[in-house]
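*Asks:* If you want the building blocks of each chain, they are given just below.
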Amino acid sequence: MKVYLDNAASTKMDKRVVDAMIPFFLEKYAVPSSQFAHTYGLEVKDAVDEARVSFAERLGGKYPEEIIFTSGGTEANNLAIKGVAYANINKGKHLITTQVEHNSVLNSFRRLEEEGFEVSYLPVSKDGIINMDVLTRCIKKETALISVQYGNHETGTVQDIREIAKLSKEKGILFHTDAAIAWPYLPIDAYNWGIDLITLSPHKFYGPKGIGILFIKKGTRIKKVLDGGFNEFNLRPGTENTPAIIGAKKAAEIFSREDVDRILLLKKRLITGIKTTIKDVEYNGLKEHSLPHIANLTFKYIEGEAISLRLDFEGIAVITGSACYSKNLQASYILLAMGKNHEQAHGSIRFSLSKYNTEEEIDYTIQKTGEVVSDLRKLSPLGREDEE
Amino acid sequence: MPVPYTKLVIEHFKHPHNVGEIKNADVKVTEGSPACGDMLTLYLKVDPETHIIKDIKFQSFGCASNIATGSILTDIVKGKKIEEAAKITWKDAVEALGGLPTVKIHCSVLAADALHSAVEIYMEKTGLVKEKKPTTKEIVMSKLSHVVDPLTGIDIVRSGLIKTIHIKDGVLTVILDLPKDHQFAKNIEEEILERLEHLWDVTGVKVIFEG
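So the protein sequences, as listed, match chains A and B.
Per the working numbering, residue 1 is the first one in the first sequence, and the count goes up by one each step.
Per the working numbering, residue 1 is the first one in the second sequence, and the count goes up by one each step.
One thing to keep in mind: the hints can contain errors.
Claimed, not checked - Listed next, the in silico PhoX-like pairs over lysine-lysine satisfying Cα-Cα at most 20 Å (straight line):
1. B/57 with A/378
2. A/378 with B/180
3. A/378 with B/28
4. A/368 with B/14
These are calculated hints, taken from the structure and not from any lab test.
Excised from the complex, chain B in its bound form (with noise of 0.2 Å):
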C-alpha cells in the first residue's frame, strides 16, 4: 500500500474498534471541532466500585489518523483503572500504532486530550479528586477553554465569547456574547454542561444568550 501509514494504522482505521455511542455513559466528552478539522467524542463507562474501565467508546469526525488513534487508545484503556488510564499519553497511541507521519501527530493528541478530559470529568464526579478546590471562575474558564466555537475553530474563551461568569451558592451563571437563535448555540451550551454540571460544589449551571 504507498499510503504513508503504518499497516495497524491501516487496519484499526478500516476495522476500528470501540466505535459508537454508550447509552447511559458516566461520562461522555467531545475534543475539537468541525470547524478545526478533527473532533472526537467519548463516553466512558466505570465500575463504581473498582473504577476500572468497563466500556469506553469513541466517534470521530476526523481523518485516518484519528480514528486510528481513537482505536487504539480505547483499546489500551479498556480494562484498566481510571487512574491509570490518566496516565496513557498520545505517544503511548503513536507508539502502539507503529508511529504517524509527523504532520498527523496533532490527531493523537486530540485523542489522548479527549481521554484525559473524560478522566478528569469522572474523577471530579464521583469524588476522587485528592484535593477539592472551590471552584473559581480561573477553573470555570479553563474548563471552558476546552468548549470550541464551531464557526470558527477557536475555543470560546478566547473568541471572547464568554461575557461573564459568576458563581453564587453553587451556581453558575455563564453568559454568552452569542444570540439565542445562533445556528450553533444548542451545541455550545451541551457542552459548556458537560464541562461544568458535575463540579463537586456546583448545583447548577446556567447558560444565559446575550448577543
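Looking at chain A on its own, in the form it has when it is part of the complex (with noise of 0.2 Å):
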C-alpha cells in the first residue's frame, strides 16, 4: 500500500484545479499586463482580476489590490517583511518575530539584522507557543513589525494571533502572519481581527506549486524588494504566473470543510492507534489548538531516519525532525525551541495528511509503524528496563 503522509510539504493536486489552469496554458497564454494593447492580454487581465477578488473576500480584506501574487510563500514571506522593514525605517528599526518560524521568515530576519535592523526572537513554551506577556515586554517605540506564524508546520501548533493581531494594532505595530501551512483549515478574517499582512501557499491545500499570495492591507507601508517592471501594483515585478493563479484560485474555491472534519478524524485515528499500540511515545506541540493536518510524535529509544526509511520500504512517506535528516546534521530547531532535548527531536516523525488519506491508509500505518519502531528499539541499547 502508498501512503503519502507529507502533506505539510506539498500536496497531490486537485484534477479540478488542472483542468481550470490547461486553458491558460494553451489558449489564455497573453500576459495580463498587455491589456492595452490587445483583447488577448485583457481577457487573462480579467481572469487574475477574479482571482484576486476571489482571495481579497476569502482572507476578509476589502480591495482586490490588496492580493499580490509571488512566486511561493518563500517570496511572500521576503517581501512582506524586508518590504515592510525598509518602508517603515522612520517609524524605527526594531523587529518581532519568533524562533520557530518559517526559514523563509527567519532568515529574512537574519538578512536584516546583518544590515542594522534589531530583531527579537520570541522564544516559545513547551508546546510551542509564545508568551502573550513576554511580546508585550519585547514591544518599543522603534518596532515596526510584528511577524508571528498561524499554524507551525512541524508541530501544527497554532498561535492565537487573534491576540497578538489585536496588541499590535493598540501599539501601532503592522502585524504579519505567515498563514502557509494554515489558511484554509484555518479561517482568517484580516480587516475584523486587525492583521495587516498574510502570507499564502497554495500547493499547501491541492493547488499549483510557483504561485504564492501575499495579502497587503490597503494603506500599508511597503517597498518592492525585487527591481523589475510595474507588475502587481508595482510591488512584484515578473511576468505573472497566470496558470497558476488561475489554479490557486480554484484550489481555494473547492476546498472543503467536510474534508477538513474528515481529516481531522483521520488524525485522531492515527494518534490514538499509535498511542494505544506503541509505548512510550511522545506527542509534540499542542493537542487542542493544533492546524486538523498535522500530528508530531516523538518514539523514544530510537532515530527518526531509521524509523522514516524503514516506514518508506512500506510504501508510507514521512520526514522527521531528526539531526540525521538534515543536510547541516542539526536537529530540528523547532522542536529545541521547544525545550525539547536532541534526544526528543532524534526520535521525531511528522505525520501530515491529506483530504486523500482514507482509513485503510491510516490503520496500514499504525500497524507498519509498531512493527517498525518494534524492530528498530530491538537494536537499540536504549529503554530495555522497560520491555523488560
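If you follow the hints, you should be able to join the two separate chains into one complex; please do so.
*Replies:* Have a look at this one:
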C-alpha cells in the first residue's frame, strides 16, 4: 500500500485545479499587463482580477489590490518582512518574530539584522506557543513589525494570532502572519482581526506550486524587494504566473470544510492507534489548538531517519526532525526551541495528512509504524528496562 | 529505491547482523550519546588462548548508516585476532558498504571508534599491551573524553563535569560536578567504570558526585 503522509511539504493537486489551469497554458497565454494593447491580454487580466477579488474576499480583505501574487510562500514572506522593514525605517529599526518560524521568515530577519536592524526572536513554551506578556515586554517605540506564524509546519501548533493582532493594533505596529501551512485549514479575517499582511501557499491546499500570495492591507507602507517592471501594483515585478494564479483560485474555491473535519478524524485515529499500540510515544506540540492535518510524535529510544526509511520501504512517506535527516546535521530548531532535547528531536516523526488519505491507509500506517518501531527498538541499547 | 544509499547499506540496515547483547561479554563499551545524535554499544567475547574474536554484537540508537556500519564492521572483525581488529578503520567499513553519502561518514567513524575502544580495553585487561604505562591523570582524562554527558552531547572532560581526579595506591577517585540525583548520574558512573576499572594498575574506581 502507498500512503503519502508528507502533505505539509506539498499536496497532490486536485484534478479540477489542473483542468482550470490548462486553458491558461494553451489558449489564454497572453500576459495580463498587455491589457491596453490587445484583447488577448485583457481576457487574461480579467481572469487574474477575478482571482484577486476571490482571495481578498476569502481573507476578509476589502480591495482586490490588497492581493499580490508571488512565486511562492517564501517570496511572499521575503516581501512582507523586508518590504515593511525598509518602508518603515522612520518608525524604527526594531522587529519582532518567533524562534519557530519557517526558514523564509527567520532568514529574512537574519538578513535584516546584517543590515543593521534589531530583531527580537520570541521563545516558545514546551507546546510551541509564545507568551503574550513576553511579547508585550519586547515591544519598543521603534518596533515597526511583528511577524508570527499562524500554525507551525512541523508540530501543527497554532498561535493565537487574534490576540497578537489586537496587541499590535493597540501599539500601532504592523502585524504579519505566515499562514502558509494554516490557511484555509483554519479561517482568517484580516480586517476584523486586525492583520496587515498574510502569506499563503496554494500548493499546501491541493493547488499548484510556483505561486504564493501576499495579502497587504490597503495603506500599509511597503517597498518592493525585487527590481523589474511595474507588475502587481509595482510591488512584485516579473511576468505573472497566470495558470498558477487561476489554479490557486480554483483550489481555494473548492476547498471543503467537510474534508477538514474528515482529516481531523483521521489524525485522531492515527494518534490514538499509535498511542494504544506503541509504548513510550510523546506528542510534540499543542493537542487542542493544532492544525487538523499535522501530528508530530517522538518514538523514544530510536532514531527518526531510521524510522522514516523503514516506513518508506513499506510505502509510507513521512519526515523526521532528527539531525541525521537534515543536510546540516542539526536537529529540528523548532523542537529544540520547545525545550525538547536532542534525544527527543532524534526520534521525532511528522505525519501530515490530506483529503486523499483513507481510514485503511491510516490503519495500515498504525500497523506498520508499530512493526518498524518495535523492530528498531530491538537494536537499541536504550529503554531495555521498560520491555523486560 | 530513490534513497541515497547503496543496496548493501539498505540490506544491512534492514537486516543487520550481530545485533544484541552478549551476556558475560569480555568487553562492553558505549560510544556517542543520544544527545549528540548517534550512540552505539559494542560487546566482545574473545578466546583467551588465541585472542580471536569469537563473538561480537552491537546495539544502536542511530540512523540507517549507523546501523549498517555496525552490522558490516562486526561482520568484518568476527573471527579475526584482536590485533588485526585494531587495524580496521571506518574507511574499511565504508568501502565494504560500497560507500556512504558524505554527510553520513561520521556515523561510520562512531562505529569504528567503538571498536577501537573495545579492542583497547580488552588489550589492557588481558595484559596484551606492550608497554605497561602507569595510569596518570592524563591517561584517565583521555579515557574519560569518550564518556558523553547525555544532556548536552558533550564529553564530560570538555564540559567541565570532572572536578578532580585522585590516584592513590591503585584507587582512582573521580569527582564529578554533578548532583547524585542527576537523571543521568547512574549512566555516567557506569560508563566511567567501563572505561577505567580494567586498567592494569587500578585496583578500584570511585565516582563521587559533588554537585
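*Asks:* Does each hint fit the structure? Answer for all of them.
*Replies:* Tested hints:
Between residue 57 of chain B and residue 378 of chain A the alpha-carbon distance is near 13 Å, which keeps this suggested pair within the 20 Å criterion. Between residue 378 of chain A and residue 180 of chain B the CA atoms are separated by roughly 30 Å; this puts the pair beyond 20 Å, and the hint is violated. Taken as a hint, the residue 378 of chain A and residue 28 of chain B pair is honoured in the structure, with Cα atoms around 18 Å apart against an allowance of 20 Å. A threshold of 20 Å between alpha carbons decides the hint, and for residue 368 of chain A with residue 14 of chain B the separation of about 14 Å falls inside it, so the pair holds.
The structure shown violates just one earlier hint, number 2.
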